[in-house]
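Two chains, two frames, a set of hints: combine them into the complex.
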Amino acid sequence: MKIIIATAVATVLGATVAMAGATKPQDVAFEDGAVAVSVSGTAGDAAVGREVFANRRLGNCLACHVNSDMPELSFHGEVGPPLDGAADRWSEAELRGLVANSKQTFEDTIMPGFYIDTGYFRPLDDFAGIPILNAQQVEDVVAYLLTLKE
Amino acid sequence: MGMYLLKTTAFAAGLALMAGSVAQADEGATLVINEELTIATTAKAPAHLENIDEITSGWIYRTKETQALQMDDFDNPAFVFVDIALDLWNEVDGTEGKSCASCHTDGPEEFAGLTATMPRIDKDGNLETLTEVVNRERVEKMGAKPWKYSKTNMASMTALIGLQSRGMPVNVAIDGAAAPFWERGKELYYTRVGQLDISCSNCHEDNYGVMIRADHLSQGQINGFPTYRLKNAKMNTTHGRFKGCMKNIRAVPYKEGGEEFKAIELYLASRGNGLTVETPSVRN
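For the record, the sequence lines run as chains A and B. Following this note's numbering, the numbering of the first sequence begins with 1 at its first residue and continues without gaps. Following this note's numbering, the numbering of the second sequence begins with 151 at its first residue and continues without gaps.
Isolated chain B, as found in the complex (with noise of 0.2 Å):
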C-alpha cells in the first residue's frame, strides 16, 4: 500500500492543525508532590512487554491544570476520600465489635509496599486482589458484610491502602502460580471486542499520545489507582476504568470483581512494573 508512505507527511500536517485547538501539557514534565516526592513517571518497560520499550504514567498525559492537582495533597480531590477511609479505619462494624483498628494497631501505614505487589496469588493458588482482601478481612475478622466491588468506601479504603505504597515501584509477580492468569490477562487485553471490534491494546499500545477525539491517549496503566476523576468527581476503581473503555466500544462488559477483570488488572499492572505508585491519582 502507498498510502502507508503519505500517511506520515500527512499525519504530521494533522498535528499542526491540532497545536491551537487543544491545551496539551508536556509530556516531559516531572511529578513532584508535596514539593518533596519525585515520582518516576517513566520507565524502561520490563522484560516481557514486547512492543513497548518505555512505560509513562497517565499523568504525563493529562493537562497542565489536571497535572497540578496531583502536585499536592491538599489540592488532590481523592484526599477527601482518604479522609472518609480513615473514618471507615476506626469505624467499627459486624458482629465481631472491631475495626479495621482494632487489629491493625500500627495505623495503615503497616500496608506500605501492598498496592505494590497487588493483585497477587492467595493460599489457595487463586488471584486475588486488594478489594477481595479487604472484603475478606471485613467478613471473617470482623463478621462485617462485605462492601460492593466499586462503591465508594471500598474504592476510598482501597486509595488509602495505596497510598501507603505511594513513591514505591509497582513490582507485581507473574511468574509461578500467578503465570496462567497473567496469560489469561493477556489474552483478553490483545482481544477486539464490542461492535466497534477493538481491543484494549488498540488504543492503549497502538495509539498512546495521540488524541481520540477529545481525549489524549495513555498507556492504560494502572499505577494511579483508585483515581479521583473529575468528570465524576469520585473515586474510580481499576474494574470500573475497564468497564467504562469497554461500553465505549459497544462491548459488554466483564463483571467487576469477575476472573477476567481480575486477570486484566493483573497484566495491567505487570505493563507498569517499574512505574511508581502514584495512588491516589487526578485525570479528567
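Next up, chain A with everything else stripped away, as it sits in the complex (with noise of 0.2 Å):
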C-alpha cells in the first residue's frame, strides 16, 4: 500500500511541476475578450501552431476557415471569416482570448471555447473535462495566428 501511494504523490508532485506555468482553464482572466498572459507560461511554437490549426482532431481551424497560407491543404471551410491578415485585425491578447474562449469575443458564435474543461453538456467520455488543445498547443496556435499578416 505504503509503495503505490508513494508512487502516486510522485506522479502528482511530477505533474505539478511540469505545469508550473500553466494557467488552469477556470483560472484564465478575460479582459474585453482578450488575455494578456500566455496560459502556458511560456512562448508558443508558430510552426507547431500551424499544424495544430490544421489537424483534423486538434485544432481544426481549417473546418471553418479559409487560411491562404496553407494552399497545399485542400477544403478549407467558409463558416467563420478567412484567417488571412488575423494578425493585422487582432493584437496577441485578443488572438490568445480568441482561441482559448472565443464566446468572451462573440457571444453566442458556432466557435468553440478551446481552452475550456466545463460548461458544455454530454461530452462522450474520452474529452470529458478536458480542453479541446492544451495550454502549449494554445499558445502554439497563437504564436502561428500572430504570422498571418497581410
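It is worth saying that the hints were derived from the structure and are not from the lab. There are no misleading hints in this set.
Straight-line distance between alpha carbons at most 30 Å, and here's what the computed DSS-like set of lysine-lysine pairs gives:
(1) B:K384 / B:K248
(2) B:K393 / A:K103
(3) B:K397 / A:K103
(4) B:K301 / B:K336
(5) A:K24 / B:K397
(6) B:K336 / A:K103
Take a look at the structure:
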C-alpha cells in the first residue's frame, strides 16, 4: 500500500512541476475577450501551431476558416471569416482570448472554446473535463496566428 | 464589433478562393427521377419556422455525380436494399407463420402516404416512428422478434415503405397530442452539446450552404431517409445520422429509438413540411 501511495504522490508532484507555469482553463482571466498572459507560461511555437491549426483531431480550424497560408491543404471551410491578415486585425492578447474562448468576444458564436473544461453538456467520455487544446497548443496556435499578416 | 463589417467582404474573398478546389453542384438543379417524377427540392418554409424562409432538400447540396445517382432507380444503389426488403416482405417469420404479405395483400403500395406523415401519435398518445410500427407488426401480428433499430433489414423495410410515398409532400402533424413531443424536439435541436458545444441549428440552420471543411452543409432535412450513403455503402436511418452528427461534435449520442431522437425526428420532419418525400435518397 505504502509503495503505491508513494508512487501516486510522486506522479502528482511530477505533473504539478511540469504544469507549474500553466493557468488552468477556469482561471484564465479575460478582459473584453482578451487574455494578456500566456496560458502555458511559455512562448508558443508558430511552426507547431500551424500543425495544430490544420489537424482534424486538434484545432481543425481549417474546418471553418479559409487560410491562404495553407494552399497545400484542400477543403478550407467557410463557416467563419478567412483568417488571412488576422494578426493585422487583432492583438496577441485578443487572439489568445479568441482561441481560448471565443464566446468572450463573440457571444453565441458557433466557434468552440478551445481552452475550456466545463460548461459543455454530454461530452463523450474521452473528452469530458478536458479542453480541446492544452495550454501549450493554445500558445502555439496564437504564435502561428501572429504570423498571418497581409 | 467593427469586425462584422469586414466579415462580408472577407467572406466573399474566401468563397472565390474555394471555387477552384471543390466541384460544387448547381444548387438550382431540378430533381427529376426516371425522367418522369419531378421532386420539389425547395419549398416555402412552414409557418412554424422562425429563422428560414425557404426549405431545401439535402440533394441540392451534393455533387453532380451524387445527384445523378438519385435521378434513375437503376443507378440508385439504395434499390439493392429495396429489393432485399421486397424479399423480407414475403418471408414468413415468427410463431404465427406469417409474412407482411399474408396480411397486406395489396402489397407495399398499400402504404402510399404513410411515410409522409411519420412520426405520428399512436392510439395511446405516444409518439411512434415507422420503425416502431414495423416492429409492432412483427411482434404482435407475426410473433416474430423485433429487428434492431438501424440494422439493414429494418432500414431496408422502411426504405421500401418510404418509396411508396415518393413524390408526395411531407406533412407531419405537430399540434394536439403531438405538440409536447414537437416542443421537446425543438428544444433539443437548439441545445448545444458535446465538447465542441454546438447545436444542430448552429450547423443546419445558421450555416447551410457553406463548406465545413470537405462537407457542404445542408439544412439537415430528413425527407430522403433512410438514405444510401456512399461513405458506408448501406442504408442509413435518421437516428443513425443524428448519432453520427453528435459524435462529430464529441457529444454522447442519445439512444436510437429513444425519446430524444424520436422527438428530434418529429421536429425535423416538421421542418420539412412542404418538401417532397425522396426516399430512398443518395448522399455522400
